[in-house]
Amino acid sequence: MIETVPAIEMIDVNKWFGDFHVLKDINLNISAGERVVICGPSGSGKSTVVRCINRLEKHEKGTIRVDGMQLSNNRKAIAAIRNEVGMVFQQFNLFPHLTVLENLTLGPIKARGLSQSDADTRAMALLERVRIPEQADKKPGQLSGGQQQRVAIARSLCMEPKIMLFDEPTSALDPEMISEVLEVMLELAEEGMTMVVVTHEMGFARKAADTMVFMDEGKIVETGDPKTFFEAPRTERCKQFLDQILSH
Amino acid sequence: MPLVMNQFQKTPRLVFRMLATVVLVMALVLAGFSGAEANDPGSNLEVVVDVVEDSSAQAKPEKSRFENLRWYVVSPFTEQGRTNLKFLIDGTWSTLLMSMLALMISIVVGLLIAIPGIAKNKPLRSTNVIYVEFVRSIPLLPLILWVYYGLPEIAGIQFNYFWAGVFALALSDSAFEAEIFRAGIQSIPKGQAEAGRTVGLTYFQTMRYVVMPQAIRRILPALGNQFAYMVKMSALVSVIGLQELTRRANELIVTEYRALEIYTILILEYLVIILIIGQGVRWLERKLNDDNEDVLSKTKPVANSTE
Ligand SMILES: Nc1ncnc2c1ncn2[C@@H]1O[C@H](COP(=O)(O)OP(=O)(O)OP(=O)(O)O)[C@@H](O)[C@H]1O
Ligand SMILES: [Mg+2]
Numbered sequence: 001m002i003e004t005v006p007a008i009e010m011i012d013v014n015k016w017f018g019d020f021h022v023l024k025d026i027n028l029n030i031s032a033g034e035r036v037v038i039c040g041p042s043g044s045g046k047s048t049v050v051r052c053i054n055r056l057e058k059h060e061k062g063t064i065r066v067d068g069m070q071l072s073n074n075r076k077a078i079a080a081i082r083n084e085v086g087m088v089f090q091q092f093n094l095f096p097h098l099t100v101l102e103n104l105t106l107g108p109i110k111a112r113g114l115s116q117s118d119a120d121t122r123a124m125a126l127l128e129r130v131r132i133p134e135q136a137d138k139k140p141g142q143l144s145g146g147q148q149q150r151v152a153i154a155r156s157l158c159m160e161p162k163i164m165l166f167d168e169p170t171s172a173l174d175p176e177m178i179s180e181v182l183e184v185m186l187e188l189a190e191e192g193m194t195m196v197v198v199t200h201e202m203g204f205a206r207k208a209a210d211t212m213v214f215m216d217e218g219k220i221v222e223t224g225d226p227k228t229f230f231e232a233p234r235t236e237r238c239k240q241f242l243d244q245i246l247s248h
Numbered sequence: 001m002p003l004v005m006n007q008f009q010k011t012p013r014l015v016f017r018m019l020a021t022v023v024l025v026m027a028l029v030l031a032g033f034s035g036a037e038a039n040d041p042g043s044n045l046e047v048v049v050d051v052v053e054d055s056s057a058q059a060k061p062e063k064s065r066f067e068n069l070r071w072y073v074v075s076p077f078t079e080q081g082r083t084n085l086k087f088l089i090d091g092t093w094s095t096l097l098m099s100m101l102a103l104m105i106s107i108v109v110g111l112l113i114a115i116p117g118i119a120k121n122k123p124l125r126s127t128n129v130i131y132v133e134f135v136r137s138i139p140l141l142p143l144i145l146w147v148y149y150g151l152p153e154i155a156g157i158q159f160n161y162f163w164a165g166v167f168a169l170a171l172s173d174s175a176f177e178a179e180i181f182r183a184g185i186q187s188i189p190k191g192q193a194e195a196g197r198t199v200g201l202t203y204f205q206t207m208r209y210v211v212m213p214q215a216i217r218r219i220l221p222a223l224g225n226q227f228a229y230m231v232k233m234s235a236l237v238s239v240i241g242l243q244e245l246t247r248r249a250n251e252l253i254v255t256e257y258r259a260l261e262i263y264t265i266l267i268l269e270y271l272v273i274i275l276i277i278g279q280g281v282r283w284l285e286r287k288l289n290d291d292n293e294d295v296l297s298k299t300k301p302v303a304n305s306t307e
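Those protein sequences? They're chains G and P, same order as listed.
By our numbering, the letter at position 81 of the first sequence is numbered 81, and the numbering carries on one by one without gaps.
By our numbering, the letter at position 207 of the second sequence is numbered 207, and the numbering carries on one by one without gaps.
If you're looking for bench data, these hints aren't it; they were derived computationally from the structure.
Keep in mind that the hints are not guaranteed to be accurate.
Here are the computed lysine to any residue pairs in the SDA-like style, where the Cα-Cα straight-line distance is at most 20 Å [to be verified]: (1) P/Lys232 / P/Ile107; (2) P/Lys120 / G/Asn74; (3) P/Lys190 / G/Ala172.
Derived DEER-like restraints, expressed as beta-carbon distance ranges [what the hints assert, rightly or not]: (4) G/Leu186 / P/Leu275: 58 to 66 Å; (5) G/Thr121 / P/Ser126: 47 to 55 Å; (6) P/Asp290 / G/Arg131: 23 to 31 Å; (7) G/Glu183 / P/Leu288: 33 to 41 Å; (8) P/Lys190 / G/Arg131: 27 to 35 Å; (9) P/Lys190 / G/Thr4: 35 to 43 Å; (10) P/Asp290 / G/Glu183: 32 to 40 Å; (11) G/Ala125 / P/Leu288: 27 to 35 Å.
Virtual Cβ for every residue (Gly too), placed ideally from N, Cα, C.
Use the sequences and the hints to build the structure in full.
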């Protein structure tokens, strides 16, 4: 059977923060296995788009479907969608009172009902994969930023999501730690994970993205494959933005 | 003085602090009464004496005032003193039990009131505000009287004085606990709850496993304060007849006619209880932080070397 259901579908999505119209008619169609990189100036609504996908923000108008399930106020639908969607934050948001291993196993044990030993096995395998198994018993505060972000990625993967959302995962990192996180993300992309990544790391975008999305003032201004996007941006706004971030 | 401190540094701080404070209070009480006698020329007394021009007559009542103290009524070295002390100290259990039960109830109620206080929903938030504003403006003494003498008329149940005390203390404290919990929960960055939700936890699981464990560490000192406050406020329950510490002191004074000695002991009793609570809370704080920040600084070099 051919997979016809898009992984993420956003149709005419609008959102307001009070009077402020933060998302204006967002349309986005992401198929399973697709890697989408979203960029744009600060305040253009990138985070808000991503956060609407797993209902950390509520959209007021339009339709969002994740894996065919429509987001509404229905708690079951929200829970089902969150089950399939992992998220990595700019500020890591690791649980500081738990060890690295417990950070990974909390969700699987409490939300999925996995046994402690099954969860531990799964978590250790993931820590191997992000190359920090030796940090399992430490507290997040004892790790470097790059290590913390890798733990955060492993924590999301531990829920075995179909879709991974990244909101500027390397923006809070020192330059020498960015590559270790991007490497993990590239591996994930190669394995065929559906990914939506907000980032200004254009090197990563060129390597991993199937689709580039440029946002400005709450609108999607331009979408396209990376090659045309970088070499021949159609809009003046996008060209300016790319010149700015690629010039340094 | 520094020498003495050093000498005691190795002994448990609890014991040292308690002894030091008890000695200090005793010394102050005695000094206060012997002070007039020991006053040097140049003091107010001297002026008075000059005016009256009879220094011996002035000194006499001061001296006898000091001699009037009858510490033997509460002295552990006399039969009468021991009996009285035992009578006084036997109230500890009531005071403690009442305060602890009230604390537990007020923590539970406070938490239940705090949760709507952090909701997005406005009507829910206003229930929190109304409860807190209303309950914390009721003075404790009238509340105790109202619960004990008034409530039975409409509720049809008669609390005994112990439960009336527990109920009034808990009710009055719950508003403060609610505010402490609300502040504690709100001090945890929003990203923590969001991360909890994204790994599939429900709202209550997120509270239980992510937010509260962090909030509790932050509000522990405030909870300790409330407990100490509760123990002190429980003295008011003596008015409805519960034989806790204060009631017993009052009853003993009726038979011994010695207010100063007995109230001094009473104050020392509260002091010791609250010092112990304070130490307990500090110990808890250290223990919780040991799992957290303290370990960080100790093991930081290891973390770096494994990089
Ligand atoms: N909770 C909120 N309440 C009110 N306004 C908000 C809220 N969150 C975001 N905004 C506003 O919405 C706009 C879009 O925010 P968003 O975080 O989506 O931008 P962004 O593109 O991710 O920017 P950045 O690159 O700085 O992260 C901004 O102007 C921001 O100030
Ligand atoms: Mg953002």
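These are the hints, each one checked on the structure:
no. : hint                            : result
1   : P/Lys232 / P/Ile107             : 17 Å, holds
2   : P/Lys120 / G/Asn74              : 17 Å, holds
3   : P/Lys190 / G/Ala172             : 17 Å, holds
4   : G/Leu186 / P/Leu275: 58 to 66 Å : 60 Å, holds
5   : G/Thr121 / P/Ser126: 47 to 55 Å : 48 Å, holds
6   : P/Asp290 / G/Arg131: 23 to 31 Å : 29 Å, holds
7   : G/Glu183 / P/Leu288: 33 to 41 Å : 36 Å, holds
8   : P/Lys190 / G/Arg131: 27 to 35 Å : 30 Å, holds
9   : P/Lys190 / G/Thr4: 35 to 43 Å   : 37 Å, holds
10  : P/Asp290 / G/Glu183: 32 to 40 Å : 35 Å, holds
11  : G/Ala125 / P/Leu288: 27 to 35 Å : 31 Å, holds
Hint violations for this structure: none, all hints satisfied.
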